[in-house]
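Start from the sequences and build out the full structure, keeping to the hints where you can.
So the chains spell out like this:
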Amino acid sequence: MTLKGTGSDHLPEGVTEHRDFQRRVWIVQRVAWFAFGLILASCLFGALGKGGYLSRALVETPQGTVDYPAISRWNAPDEIHIRFGPCDADCVFTADAAFLKGFLVEGIDPPPKAVTSKAGLIHYQFPGDPGMPIDVRFRLHTQSPGFHRIRVGIGEHVSAPLVLILP
Amino acid sequence: MESVIRGLSIYFALLVIIRLSGRRTLAQMTPFDLVILLVVSETTQQAMLGDDFSITNAIVLILTLFLADILLSYLKSWSPLAGKVIDGVPTILIANGVADQEALRGCRLQMEDVLEAARNQQGVESVKDIRFAILEVSGAISIIKNQ
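Chain order of the listed sequences is A and B. Residue numbering for the first sequence follows full-length UniProt numbering, starting at 1 and increasing by one per position. Residue numbering for the second sequence follows full-length UniProt numbering, starting at 1 and increasing by one per position.
Please note: incorrect hints may appear among the correct ones.
Claimed, not checked - Straight line, CA to CA, 20 Å or less: simulated SDA-like cross-link-like pairs of lysine to any residue:
1) A:101 - B:2
2) B:84 - A:11
3) B:76 - B:86
To be verified - Over 10 Å on every C-beta distance to chain B, these chain A residues come out as not near it, computed from the model:
4) 17
5) 23
6) 45
7) 51
8) 55
9) 88
10) 89
11) 97
12) 106
13) 109
14) 112
15) 128
16) 129
17) 167
To be verified - Cβ-Cβ distance ranges computed for the label pairs, FRET-style:
18) A:52 - B:44: 51 to 61 Å
19) B:30 - A:133: 50 to 60 Å
20) A:125 - B:12: 46 to 56 Å
21) A:118 - B:63: 45 to 55 Å
22) B:66 - A:110: 49 to 59 Å
23) B:15 - A:135: 39 to 49 Å
24) A:143 - B:15: 21 to 31 Å
25) A:143 - B:39: 35 to 45 Å
26) A:135 - B:42: 29 to 39 Å
27) B:38 - A:42: 36 to 46 Å
28) B:63 - A:45: 30 to 40 Å
These aren't lab readings, by the way, just hints derived from the structure by calculation. The beta carbon of each residue, even a glycine, is placed where N, CA and C say it ideally should be.
Set out below in structure tokens:
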């Protein structure tokens, strides 16, 4: 086998010149490095979950807000933050079975006063405070990867956002 | 089932990432490369095992990885193109004392790396004394000096 460019010299036995193939590989590698950079950049923006602008979303209702993970990762811890506005009566966080299918609730701080179920929805009741807002934190563990259409909200104001749990 | 899917996913993801990052990543190991290797092995271990640390899971994963490796070796022997794509091909870095700058750039190598290999293997002092410097598929640099 002769070496391209030198013409006369013989390569060692078993070594073959594959320059065209190698050029293609080098191009693919450099495109891949750019793709690696894009993946990391999208991660910084939250497209791969666990923090960042895209990874969280907000359901706003007159009684408060639910800050939930829009993009999460399978078998990983995550959180939902609920802020109830000042109110005299009990504050109620509402979720459905799809929420529990996607997320295992590992803990709730502060603990709810009561948990009831009605018409396919689960209601977590917390004592209200007329003087100041109440923050509630659900500590979650993601259960199954894929898209989940969950229903979450406060009281009767329930939204049905799409949540992505990455494998 | 999850163990097999996890094992195969990590195996092929790692294969693709290492192949695309360039052959130099796991050869000519500097202390920094060693750190990367250790961190990667620790990270992949967690991703493969998940929260199941049972002996059964470990055995299933080991079998998965070995079987994937065996199947790939058969694929490479059946298809020369698959072998080239998966393992790469030897790259001529120096021929007759002349460095191939395109090859060096393509493989992310410096001339110093090749000269170091030449000194280590053959006690060669000058690039003019090198007949061939070849970056092997394994990542090692072979030096053949002028007679």
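Quick rundown of the hints versus the structure:
1. A:101 - B:2: holds (18 Å)
2. B:84 - A:11: holds (18 Å)
3. B:76 - B:86: Status holds; Cα separation ~8 Å.
4. 17: violated (7 Å)
5. 23: Violated, because the least Cβ-Cβ distance between residue 23 (chain A) and chain B comes to about 7 Å, which does not exceed 10 Å.
6. 45: holds (21 Å)
7. 51: holds (18 Å)
8. 55: holds (19 Å)
9. 88: holds (43 Å)
10. 89: holds (40 Å)
11. 97: holds (23 Å)
12. 106: Residue 106 (chain A) is indeed farther than 10 Å from all Cβ atoms of chain B, at 13 Å.
13. 109: holds (23 Å)
14. 112: holds (27 Å)
15. 128: Holds, since 37 Å exceeds 10 Å.
16. 129: holds (38 Å)
17. 167: violated (8 Å)
18. A:52 - B:44: 51 to 61 Å: violated (23 Å)
19. B:30 - A:133: 50 to 60 Å: Cβ of residue 30 (chain B) to Cβ of residue 133 (chain A): about 54 Å, so the range 50 to 60 Å holds.
20. A:125 - B:12: 46 to 56 Å: Given a distance of about 48 Å, which is inside 46 to 56 Å, the answer is holds.
21. A:118 - B:63: 45 to 55 Å: holds (49 Å)
22. B:66 - A:110: 49 to 59 Å: holds (51 Å)
23. B:15 - A:135: 39 to 49 Å: holds (46 Å)
24. A:143 - B:15: 21 to 31 Å: Since the Cβ atoms of residue 143 (chain A) and residue 15 (chain B) sit about 29 Å apart, the hinted range of 21 to 31 Å holds.
25. A:143 - B:39: 35 to 45 Å: violated (28 Å)
26. A:135 - B:42: 29 to 39 Å: holds (36 Å)
27. B:38 - A:42: 36 to 46 Å: With a Cβ separation near 27 Å, residue 38 (chain B) and residue 42 (chain A) fall outside 36 to 46 Å, so the hint is violated.
28. B:63 - A:45: 30 to 40 Å: Between residue 63 (chain B) and residue 45 (chain A), where Cβ atoms are some 39 Å apart, the hint holds.
The structure does not agree with the numbered hints 4, 5, 17, 18, 25 and 27 stated previously, though it agrees with the rest.
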